[in-house]
Amino acid sequence: MRHTSTRRAARHCPLLRLLRVLLTVAAALYALLFVVFFFDLDGKLLYYVVEPLLCRHYDRMERRNPLDMPYRTDR
Amino acid sequence: MKLPKTKADVKKLLRDFWHGKPHGERRLGDLYADKTGLYKHREWRGVRDTFYYFHMVWLYNYAHMVTDIMQDGGMVNFAKGLWRYRWMGQTYLPVLHWFDRGLEGLRGEALRASAWHYRAMVCVSIKQLMDMFNADAKLHGGAHNDAWQHNIAHKETVWGGVFYPWSDQYTNVPMEMVPFFITCHVNNHTAPHYIDAVQSIGLPGDPCTMCQAEAGLFVQDDIPDYAPFVVTSNEACDGSVASTAIEDWFLDLPLFAMPQPMRFDDPLVQEHCANEIRELWKFVEEQTGVPFNEQLLCEKLERQNALQRFEWEKWDVAAKTPYYPINSVAQALYRVYQTQYGDHDIWHRTDRKISRIMAKCVERKIESFPLTRHRAIAWSCAPLYYSNWTTWAYNCWGLNVVINMDSLMFDMTIRTDNLDDCVLDMARYHEWAPMRRMTVGGMQHIFELWDYMERFRCDMVIMYDQLHCKSMQGVSGLFEDEFRKRDIHAIWIPHALADKRTVSRSEIRRIVNDYMTTVMKEEPLDPSLLEYDDDMGW
Chain A
0 MRHTSTRRAA RHCPLLRLLR VLLTVAAALY ALLFVVFFFD LDGKLLYYVV
50 EPLLCRHYDR MERRNPLDMP YRTDR
Chain B
0 MKLPKTKADV KKLLRDFWHG KPHGERRLGD LYADKTGLYK HREWRGVRDT
50 FYYFHMVWLY NYAHMVTDIM QDGGMVNFAK GLWRYRWMGQ TYLPVLHWFD
100 RGLEGLRGEA LRASAWHYRA MVCVSIKQLM DMFNADAKLH GGAHNDAWQH
150 NIAHKETVWG GVFYPWSDQY TNVPMEMVPF FITCHVNNHT APHYIDAVQS
200 IGLPGDPCTM CQAEAGLFVQ DDIPDYAPFV VTSNEACDGS VASTAIEDWF
250 LDLPLFAMPQ PMRFDDPLVQ EHCANEIREL WKFVEEQTGV PFNEQLLCEK
300 LERQNALQRF EWEKWDVAAK TPYYPINSVA QALYRVYQTQ YGDHDIWHRT
350 DRKISRIMAK CVERKIESFP LTRHRAIAWS CAPLYYSNWT TWAYNCWGLN
400 VVINMDSLMF DMTIRTDNLD DCVLDMARYH EWAPMRRMTV GGMQHIFELW
450 DYMERFRCDM VIMYDQLHCK SMQGVSGLFE DEFRKRDIHA IWIPHALADK
500 RTVSRSEIRR IVNDYMTTVM KEEPLDPSLL EYDDDMGW
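Protein sequence lines correspond, in order, to chains A and B. Just so you know, numbering that gives the first Met the number 0 puts 8 at position 9 of the first sequence, and the rest follows in order with no gaps. Just so you know, numbering that gives the first Met the number 0 puts 79 at position 80 of the second sequence, and the rest follows in order with no gaps.
Simulated from the structure, these hints should not be mistaken for laboratory data. Don't take every hint at face value.
To be verified - Among the chain B residues that face chain A by a calculated CB cut under 8 Å, a handful are:
1) F53
2) R85
3) L95
4) Q198
5) W248
6) L477
As the list claims (entries may be wrong) - Stretch-level coverage of chain A by chain B, calculated; a stretch enters the list once three of its residues show a Cβ under 8 Å from a Cβ in chain B:
7) 37-46
8) 52-58
9) 65-71
Here a beta-carbon is modelled for each residue, glycine too, at the ideal position from N, C-alpha and C.
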């Protein structure tokens, strides 16, 4: 009887509830990161999505043509 | 995967889960996705080592790749640099895959020690690229800010140590160390782009691909404008002089060329070389207005000497015991990076960690590479696009590349008791630069191979044949004669340094496989690694 009321009090304690939520979120995040790590999902995202997008951007960039510069040797 | 049928099967399954599969049963080649070299899943190394890798390599390094940026200049400059420079975007992001490739199959102390080497290289690379981006006029509307005023640009083959006298006020940043050198190792798609760029303006395809790619960075306007003057050199060979001419043209900055003699054993040449360094110091004084600081030079050189003394300890353990915990690729890259860039806190912090790990291995007699069948020494320049082939060679064949030429080049400390001797030693150090002393520095240095072979108790030579270097300027025949005379097993590995398209990574593996099966008549430790297609991989 006494145990039950202690447990009920704990359930209503906002600090403990917050702690439980934080622990649950941290555990879920940890598990998610481990899945990303183990199945090389970071590598797959970078290889199939990020790198091609970046390369397309670099290919389209306007660049100065250094060949237009005179070669000064008087410095 | 087969389901366990007997009690023994269940026990084995649990043992493999807890400790990881023993070498020989791992089938690491089955982990690769076809062509891309990505992993279907990362290696299960047993509970302890998998979670060490997850926490202390993967999470730790991703986290530090962010915190280092925050510490060295902030996210805004980093994002601008990432958006502006191809070498940055293509290289920075897949860094963890570079760790994966180099550290495959490692367990226990070897995993820890080798990963700390990689971490140090990433830390220094971030510092360098942030030093560039913080100052880069191309990212700051053409403005030459305070960081720009306090940077010194130099070719990656100029040893950073010559700038120690100004290191309290100025930061020396090699122009191509991250944009070219590190890039090749991390993502081999990048360098060919710059090689093609320089060939598109008429350069023939046969010069060294290092010089080609470095010049290509300038042709593509892909080098930050981060310093008011620049220092160049003829190292490693005259190919660098050619790329320097292009860099001089496109940089349009005050430039000091510091050519170092290739044949450097003559004492008169030594004096000349020391004078070149003194002339450089005058140039830096003129450009910065800050006088030469001898005390600072000596302090920094002493710190660098401490790194060298620890390196000698490492060599002793590698040469005299089977307890050396650092794998070949970590040893080679860390050493060449450290010696060329010069003193930095991270090297000292890393060496302290390695010292503890190495002491533990020696005291407890921990053999990190227990299935070593051959102790090999690698000579000449390694393929930058496949520096981790040595990791593959151990996992597949038990071929342990114990030491390599890149590690052995700087076998000296520098005297600091008087300036004259100090400059002479600095000149010698400069002359012993990467790809200089033991490749183009004369036969007596090229054939130092035999002494080192004996010292490190090696029974096999991995002889790199850098095609654009014409196989060390054509000395391959002399080596062949010596190998026959001395009855040494040697595997020639042709490559084009930075360009993966000439000799692919699978071709390198095929050459080693052929030698091991036909000449050595051995069976692979891991047959799944014999053949796989990773041509499109990073």
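We went through each hint and held it up to the structure:
Because the smallest distance between the Cβ of F53/B and any Cβ of chain A comes to about 5 Å, under 8 Å, the interface hint for this residue holds. Checking R85/B against chain A: minimum C-beta separation of about 4 Å stays under 8 Å; hint holds. With a cut of 8 Å, the hint placing L95/B at the interface with chain A holds, because the nearest CB-to-CB distance is about 7 Å. Interface hint at Q198/B: violated, since its Cβ lies 14 Å from the closest Cβ of chain A, which is beyond the 8 Å cut-off.
For W248/B, the shortest C-beta to C-beta distance to chain A is roughly 4 Å, which falls under 8 Å, so the interface hint holds. With a least beta-carbon distance of about 40 Å to chain A, the hint placing L477/B at the interface is violated under the 8 Å criterion. Check result for the segment 37-46 of chain A against chain B: holds, 8 residues qualifying (beta carbon to beta carbon below 8 Å, three or more required). Requiring three or more residues with a Cβ within less than 8 Å of a Cβ of chain B, the coverage given for the segment 52-58 of chain A holds, as 4 such residues are present.
Look at the segment 65-71 of chain A against chain B: 5 of its residues bring a Cβ nearer than 8 Å to a Cβ of that chain, three or more, so the hint holds.
Hints 4, 6 from the earlier list are contradicted by this structure; the remaining hints agree with it.
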